[in-house]
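> In the order they appear, the protein sequences are chains A and B.
Numbering-wise (my numbering), the first sequence opens with residue 224 and increments by one.
Numbering-wise (my numbering), the second sequence opens with residue 8 and increments by one.
Since the hints were derived computationally from the structure, they do not count as laboratory data.
These figures come from a predicted structure and were not determined experimentally.
Note that beta-carbon positions come from the ideal geometry of N, C-alpha and C, so glycine has one too.
One or more hints might be untrue.
Think about it this way: if two alpha-carbon atoms lie no more than 27 Å apart in a straight line, the pair counts; the simulated DSS-like pairs of lysine-lysine are [unchecked claim]: (1) B:LYS124 x B:LYS164; (2) B:LYS105 x B:LYS164; (3) B:LYS128 x B:LYS156; (4) A:LYS230 x A:LYS254; (5) B:LYS147 x B:LYS130; (6) A:LYS230 x B:LYS105; (7) B:LYS66 x A:LYS299; (8) A:LYS299 x B:LYS69; (9) B:LYS77 x B:LYS105; (10) B:LYS156 x B:LYS69; (11) B:LYS156 x B:LYS77; (12) B:LYS77 x B:LYS66; (13) B:LYS69 x B:LYS124; (14) A:LYS299 x B:LYS154; (15) B:LYS12 x A:LYS230; (16) B:LYS124 x B:LYS154; (17) B:LYS154 x B:LYS139; (18) B:LYS139 x B:LYS66; (19) B:LYS124 x A:LYS230; (20) B:LYS128 x B:LYS147; (21) B:LYS13 x A:LYS230.
Estimated spans, in silico, between C-beta atoms of each pair [said to hold, decoys possible]: (22) A:ARG298 x B:ASN76: 48 to 56 Å; (23) A:SER291 x B:ASN157: 45 to 53 Å; (24) A:LEU314 x B:LYS128: 38 to 46 Å; (25) A:ARG278 x B:ASP43: 48 to 56 Å; (26) A:ILE313 x B:LYS164: 53 to 61 Å; (27) B:ARG17 x A:ARG298: 31 to 39 Å; (28) B:ALA74 x A:SER291: 53 to 61 Å; (29) B:GLY132 x A:ASP302: 27 to 35 Å; (30) B:LYS124 x A:GLY239: 30 to 38 Å; (31) B:ALA83 x A:ARG256: 47 to 55 Å.
Only part of the chain A face toward chain B is listed, based on derived beta-carbon distances under 7 Å [unchecked claim]: (32) LEU226; (33) LYS230; (34) THR268.
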Amino acid sequence: MPLMVFKVRDRSMEPGLREGDFIVVYTWGRKFRRGDIVVFPHPGTGMRMVKRVTRSGRDSCFVVGDNSRLSEDSRKFGDIRAGSIVGKVILHV
Amino acid sequence: MHIAKKALRRIFEVTDSLRPLGVAHAHCDIPCGIYDPHAAQVAAHTVIRMDGLIADLVKVGKADADAQNKMARYVAVKEQHAELCKHEIRVLWADYFKPEHVQANPELHGLVWDTLKLASKAKQGTSMEDAKALLGNVEKIAEIFWKTKNVQTKRVKAFYPTGEEIVYPKV
C-alpha cells in the first residue's frame, strides 16, 4: 500500500496539524515541493517527524515547523536527504 | 469538520486504540535548553529504594490489609519512577544529544537502548540487581551528558537510603 497513517504528537505544526490528529501519508511519490508536509526520520535520533518543506533541492529538503517558535527542524539539524523521507501528507483528520 | 473526515478520524481512533498507529512527532523543542540527567538518577534511586522496601516487607511475612496496602504503594511508586526514568532518558536522547555527541561517545546509542530495557525490566520484576544495573547505566549517561558540556563530574554517595552513588557536576 502506498499509504500510511500516523498520529501527530507535539505542537510544532500547529495550527495546521494538532497533537492527536491523524495524517495519511503517500509513500510512493518522490518529488517534494515547497509547501509539502512530509514525514521523515530525525537525522540524528531516527525519531519519526513531520514538518513542512520550505526549500527543496534535487537530493535534499529544508524542513521547518509551521509553529516555528516551537519547532526543532532544519534550522537545527540542517537539510534532510530526500531519499530518507517516508512520504508526503495528503490528508489529515 | 466534514462528515467524511469525522468518520475517518473515528475509524483511525478506533484502530489506534486497538493497535496503536505509528507516531509522527511535530517536535516541539522550544528549545528551552534546560536538560539535566539528575531527575533520571533520582528516579533510578527510587526504584532501588522500592525494591529494598518490597524485600523488607516480604521478610516480615505479613499478608494483612496493612501489609498489602504497603506492597501496592511500593509497587506503584516503583512503576512510576521506572517510567519516569525512561522518560527522562528518552528526552536527553531525542532532544539534547546531537550527532557530534554520539560521534564522540559511540557507546551512547547502545547505552541508552540498554538503559530503557533495564527500566522496563525494573518494572517487570523486583530484582535489586536489575535496579542497580539501571542506576549504573543512568550514571554513565549522566557522565556523558556533562562531558558534552565540558563539565567534570564526581561520583559521590547519595544522601538517600539506597546507599548508592550519584553523579554530580563539579561546579
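> Hints broken by the structure, by number, lowest first?
2, 3, 7, 8, 9, 10, 11, 13, 23, 25, 29, 32
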